[in-house]
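J.: Since the structure of chain A is provided, determine the placement of chain B on it from the hints.
There are 2 protein chains.
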Amino acid sequence: MKSVAINGYGTIGKRVADAVAAQDDMKVIGVSKTRPNYESRTAVEEKGYDLYIGIPERADQFKEAGIEIAGTVEDMIQEADVVVDCTPGTIGPQNLEMYKKAGVKAIYQGGEDHELTGLSFNAISNYDDSYGKDYTRVVSCNTTGLTRTLSTIDPIADIKKVRAVMVRRGSDPSEVKKGPINSIVPNPPKVPSHHGPDVKTVMEGIDVTTMALLVPTTLMHQHNIMVEINNEVETQEIIDALEKRSRVLVVDASEGLGSTAELMEYAKELGRNRNDLYEIPVWRESINVVGNELYYMQAVHQESDVVPENIDAIRALLEMESDNEKSIAKTNKAMGIL
Amino acid sequence: MKSVAINGYGTIGKRVADAVAAQDDMKVIGVSKTRPNYESRTAVEEKGYDLYIGIPERADQFKEAGIEIAGTVEDMIQEADVVVDCTPGTIGPQNLEMYKKAGVKAIYQGGEDHELTGLSFNAISNYDDSYGKDYTRVVSCNTTGLTRTLSTIDPIADIKKVRAVMVRRGSDPSEVKKGPINSIVPNPPKVPSHHGPDVKTVMEGIDVTTMALLVPTTLMHQHNIMVEINNEVETQEIIDALEKRSRVLVVDASEGLGSTAELMEYAKELGRNRNDLYEIPVWRESINVVGNELYYMQAVHQESDVVPENIDAIRALLEMESDNEKSIAKTNKAMGIL
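Protein chains in written order, with our numbering: chain A, 5 to 342; chain B, 5 to 342.
The shape of chain A in the complex, shown without the other chains (with noise of 0.2 Å):
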């Protein structure tokens, strides 16, 4: 049984944590937060998590509102086999400096850069590499959503050349300060997008060109995806394929799942913690190879596709499972993931 202490109790945080509570080869030894807020009183009430604090002085805030904590951070990662760190981007490589003083392995996420750590996961795609090594970083929910369906659609396409355009989700749903409202925002106006070139930390040698915006709305990414090709490939065997690979869904439009708040509701239906949908949802109908080209469509919950990644994050770096496969199998099982 290792132990893991999550850093960072915030929208990845939080679920990494019950992820991690749901496996039987891991256990929470500890989350943390920066402030006595809702969250860090339901980690205590409702989850009963030991709670840990980032910002000692504060520890008077966290008393005054009742909240009952059971230390710092740097006595939380003593304990601690990993930690998986949730914390912002711009704290991270800061927090770097006292794993490796504690001796303490580290997960980090997509806010991150890949120089930080050298080393980028995904599970399918990339699993081997983190596999024994001191520190790695989850790629971030439109990196994992790519790779997810590029890295299924490789070995039977012979991809020549991605293109993608990636509209994003303006906020996470619980961010009332943060818009747009009312308007299309190229972000970044500079094209390609960073995006790319992150996707090849994790699936080295392909060919990605990004553009993405932000659009008015809360629940889900979007992306728009053209795929060269060199070989002759049926649509079918894309959506066969697809079908079979786990995290990834081909759902039908014409079901009723023709957009993302359809697809969040679905999620609902399938009784998910948070209503979290861990997949990749793919719709059916945008399934199509025309020529030496093949189109589709998939969104991407950008709250919750990275959280299955970090369990089998945390089984490579601690040398838990050796196939990634088994690692996949085992984390998906536990989550209820399709």
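It is possible that part of the hints are untrue.
Chain copies aren't distinguished; within one or between two, either way the pair holds.
[Stated by the list, open to error] The calculated lysine to any residue pairs, modelled on SDA-like cross-linking and capped at a C-alpha distance of 20 Å, are: (1) K165 to N296; (2) K194 to E297; (3) K194 to E289; (4) K165 to N235; (5) K181 to G262; (6) K165 to V294; (7) K165 to D211; (8) K182 to T222; (9) K137 to D327; (10) K194 to G262; (11) K164 to G295; (12) K204 to G295; (13) K6 to L322.
Think of the hints as simulated: they come from the structure by calculation, not from any bench.
T.: Just chain B now, with coordinates in the frame of chain A:
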């Protein structure tokens, strides 16, 4: 002085009426409505247009509302040299019989199929095709946007293939019953979309593939365009060509024009009638040639970009000007287009 009737005084029709009224070589001899709403009232009371009604049985409704009518649509077209048909998509085909019977020329909008007239129109790319003809169709706002920039790029870039992802506004600002509010909707979910073939109706022989979706905004469409080219072209040559082209605006995200909302604010600062932005704004930062591919992002004000095209189409059908660039310049000057 040519006489123009506008059949259908809605989003496009009311703008075409004002644009016709702004020219010195044509005049509005009537506009039509089927309902005594605020648009009917302002057409008569604010703009001073003669109002004709599309459904004669409703004359009493207009009388009750105190809105003066001049007759029926059939009366209106008797006096016209040309009718600009801005009625909803399904009604156009029925109207064609009426126009033929009355011996009046007609211009349709992009909501109709190309097959209705067998001829489609864009002032830059194929003005001559409609010269002296009886019926033509101004292509849709999206097709107009794609065609304006692609036909500007075409003379300097040897275009091999165009890929475009069109992020469409969910509904127009006044369409209170339509959505989506918080969702991304592949629309159509089938790839490729019909927009690519529509570009071919005004740019013969071009290879264009499009994907399209709806997002929760009312202001503008946004296009993400990837142009594969056979020859060597510099990014600066593309920027220069787009800057020289009227009805295209190269805009800087860095100057505070980084979104469709800011572009609409810009139109207000320009003092435009109804805050319209007739030009296609292209983000300078997005224009980038990488190897044999040109990338750029643009926006389309769906309510107004086709309006000047309708004016040029009138001049083409009525043989008022044989040189498309002269018609474009004349239209632009009267409408204050940059």
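J.: Compare the structure with each hint and give your call.
T.: Verification of the hints:
Taking CA atoms no more than 20 Å apart as the test, K165 paired with N296 passes in both settings, with 11 Å inside one copy and 12 Å between copies. Taking the closest pair of Cα atoms, K194 and E297 come within 20 Å of each other only across two copies (15 Å); inside a single copy the shortest separation is 25 Å, beyond that limit. Proximity of K194 to E289 under the C-alpha cut-off of 20 Å is restricted to the inter-copy arrangement: shortest distance 5 Å between copies versus 31 Å within a copy. Within a single copy, K165 and N235 get their C-alpha atoms as close as 12 Å, and across copies as close as 19 Å, so both meet the 20 Å cut-off.
In this assembly of identical chains, K181 and G262 lie within 20 Å of each other by CA distance solely across copies; the values are 19 Å between and 29 Å within a copy. With identical chains, the CA atoms of K165 and V294 are at most 20 Å apart both within one copy (15 Å) and between copies (13 Å). Taking identical chains as interchangeable, the C-alpha atoms of K165 and D211 lie at most 20 Å apart whether they share a chain (5 Å) or sit on different chains (18 Å). Taking the shortest Cα distances, K182 and T222 sit within 20 Å of each other both inside one copy (10 Å) and across copies (19 Å).
In the homo-oligomer, the alpha carbons of K137 and D327 lie at most 20 Å apart inside one protomer (15 Å), although the nearest pairing across protomers, at 70 Å, exceeds that limit. With identical chains, the CA atoms of K194 and G262 are at most 20 Å apart between copies only, with a shortest distance of 11 Å across copies and 30 Å within one. Taking the shortest Cα distances, K164 and G295 sit within 20 Å of each other both inside one copy (13 Å) and across copies (14 Å). In this homomeric assembly, K204 and G295 come within 20 Å of each other (Cα to Cα) only across copies, at 18 Å, whereas the closest approach inside a single copy is 26 Å.
When the C-alpha separation of K6 and L322 is checked against a cutoff of 20 Å, the pair qualifies only within one copy, where the shortest distance is 8 Å, while the shortest distance between copies is 82 Å.
Every hint, counting from the list given before, is met by this structure.
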